[in-house]
Amino acid sequence: MKFSLSRESLLKPLLLVSGAVERKSTLPILSNILFDVVDQTLTLTATDLELEMVASTPVNNQGENGKVTIPAKKLLDICKSLPEDSLLSFESNAEAITISTGRSKYSLSTLAATDFPNIEEWKGDVEFKIQKSDLLRLIESTHFSMANQDVRYYLNGMSIETEGNEIRSVATDGHRLAICKISNPELALPARQVIVPRKGILEIIRLLDPVEEEVQLFMGSNHIRIIDSEYSFTSKLVDGRFPDYRRVLPRNGDKVLETDKDQLRQVLSRASILSNEKFKGVRLNFASSELKITANNPEQEQAEEVLEISYPYEDLEIGFNVSYVLDVLNAIKESAVKFTLADANSSVVIEGSETSEAIYVVMPMRL
Amino acid sequence: MKKIIHIDMDCFYAQVEMRDNPEYREIPLAVGGEGKRSVLSTCNYLARKFGVRSAMPAIKAKQLCPHLKIVHGRMQVYHEVSMHIREIFSRYTQLVEPLSLDEAFLDVTDCCLFNGSATLIAQDIRNAIWHELQLTASAGIAPNKFLAKIASDENKPNGQCVVSPDKVNEFIEVLPLRKIPGIGPKTSEKLASFGATTCADIRALSIKELTPLVGSFAERLFNYSFGVDNREVKVNRVRKSVGVEHTFADDLVTVEECIAQIPKLIDKMKQRLQKHQDRVIAKQGVKIKFADFTLTTMEQQSLALDEDGMKNLMESAFQRGNGKTVRLLGVFVAFAELPNDQEGDERHQQLGFVF
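Order-wise, the sequence lines are chains A and B.
Oh and the first sequence: position 285 is 285 in the UniProt record's numbering, straight run, nothing missing.
Oh and the second sequence: position 280 is 280 in the UniProt record's numbering, straight run, nothing missing.
Since the hints were made in silico from the structure, they are not lab data.
Hints are supplied without guarantee of correctness; some may be wrong.
Computed, partial: chain A to chain B, Cβ under 8 Å [claimed, not checked]:
| # | residue |
| --- | --- |
| 1 | L207 |
| 2 | V211 |
| 3 | R247 |
| 4 | R251 |
| 5 | G253 |
| 6 | V256 |
| 7 | F279 |
| 8 | R366 |
Sample of chain A residues at the chain B side, in silico, Cβ under 8 Å [what the hints assert, rightly or not]:
| # | residue |
| --- | --- |
| 9 | L108 |
| 10 | A147 |
| 11 | V248 |
| 12 | L249 |
| 13 | P250 |
Some chain A residues flagged as far from chain B (calculated, every beta-carbon gap over 10 Å) [said to hold, decoys possible]:
| # | residue |
| --- | --- |
| 14 | K67 |
| 15 | L237 |
| 16 | K278 |
| 17 | S335 |
| 18 | E351 |
The C-beta atom is built at its ideal place from N, Cα and C for all residues, glycine as well.
Build out the structure end to end from the sequences listed, making use of the hints.
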């Protein structure tokens, strides 16, 4: 193999695919990126056996077509630190590949491309186009509620559901739940539900820009794939049954509070300074004309904040993990928020006052 | 009144091996090493008929049962199975306290499934384990951890035993003391020489009279004898110490040989400590098991792992052997207690969804 390309035309696909490279793998080849040169195109592939990222770039091919795998981190570090607009020449021999530009020459040891794992062939049975900004909003509205390393492994990811002209994302860690729905009258989708693993979701967020450009999305029985003009991203799915969010939505909420989001957020984040560092509990006392927020820590230090509100119901005292509420307030785009409450042992529903594209349910804490 | 379930997998490692290797199903089987000083992790029920037991030296087991098949454990597999079992538990309650890979306490007081019948919940958990993993478990159902743990052993394997609140007295009165966790062969001998063989006998004594026999365990034992145990099911068990030990194929003879082992043991312990970087070390110590199986430990206060300190401890501990050779060496550190932790767990209870 012998080819050359500019530093910039390599760096972009290299950065894209390196997100899938496994850092702590027991399988050495997973720390490598597969380089596949066919005619004037170089295709880069990285995988951790769960995710796969593929990106391509044009090259000036001066030799045979061929494949080889190259250590990802070292290659990326070298590329990043070479001067801008360098022209990089790659030449491979039996067990190494040489990268040269000007007076610089780096030789990296390679592993055989034949050993590089392929995600098995699969066919998507649901396929649609979606704006990058919409897909990003769908995921960013709920991703923070995903569980992390929970024994209920099916919670360590996000449920993506399609039905008619609607696409939903649902995430829950068992204490809180987030749902976001977007619809597009042009879509006519079958009813399907898949669980995308946590790492895949975080990688998708990294890949997507909030722009008005379409990507193609494929869902199969075991995989999900996003194809963009510059890359193709594939993730295995979590094999499990995601809980039905409808069972968790409370129906007994009869007390509605609307208030300014930023003001509430500021007050809560201030009060959280003196909450217990581990449990993050804050107490909310709703009364007819004011909401009192208190927090205290094991050192017996205390925070108290009062907000003027209109709450024409019976008084209510309820505790929450303040981080859960702040995560929700940070995710809601609108300037006013609506809380629907029932009692101290029932979950609260939080949503933007205007639209209800995203709905959040948070279970209380006994303090 | 609480509803506690103790779930215990039947001869866990051996059962997994029998599930995955049909040729092991009809023969006495043990999981462990076969070296001259190896100890069995567990054995199947066929092997138990020959008197083979968990934690028995492989050599002794072979004497009791010459055709015993001993296989190496596959921890990775056991771990995966264990995670699956914990996921099953999570369908019933979030209050799960794992004791090891194959054992856990569940507090199902607030579980509404099966109209809150803990007996049916336990049955359903065991069914799920069987259907999803083709493994059997036994269960004890009782108003507290102590009774649940003893009950799970009553109808082993693949059985369960309920000690309902009105049957506690009946159950406890005739309970042989040897079945109480914490009472081994020696203590039960000591108690027997005092005429105490059942819980009813313990009730006749006072904590004061018990203390010389069982030390600080007296108060708890006294409560146990009335079926009382107020320990909560703790979701986050706080690890108190981390240690590493090694049994040598041939005894170590000199103190220099023992000291020379310290760096290796400490290296291994450092790996294990990586998972506990948030904890503060309070003590470090060494452990020696001599050729006659007598055990000695020596520890010192220390805010960090200190190799030279360990070597000094080893030297002093070795002297206690009066020339006896050494079969096992260990090093350990104990962590400082976490401040306010338990209190916090009860005062900050995050409620969860019931899916």
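Of the hints given before, which are not true for this structure? Hint check: 1, 2, 4, 5, 6, 9, 10, 12, 13 and 16 fail, others pass.
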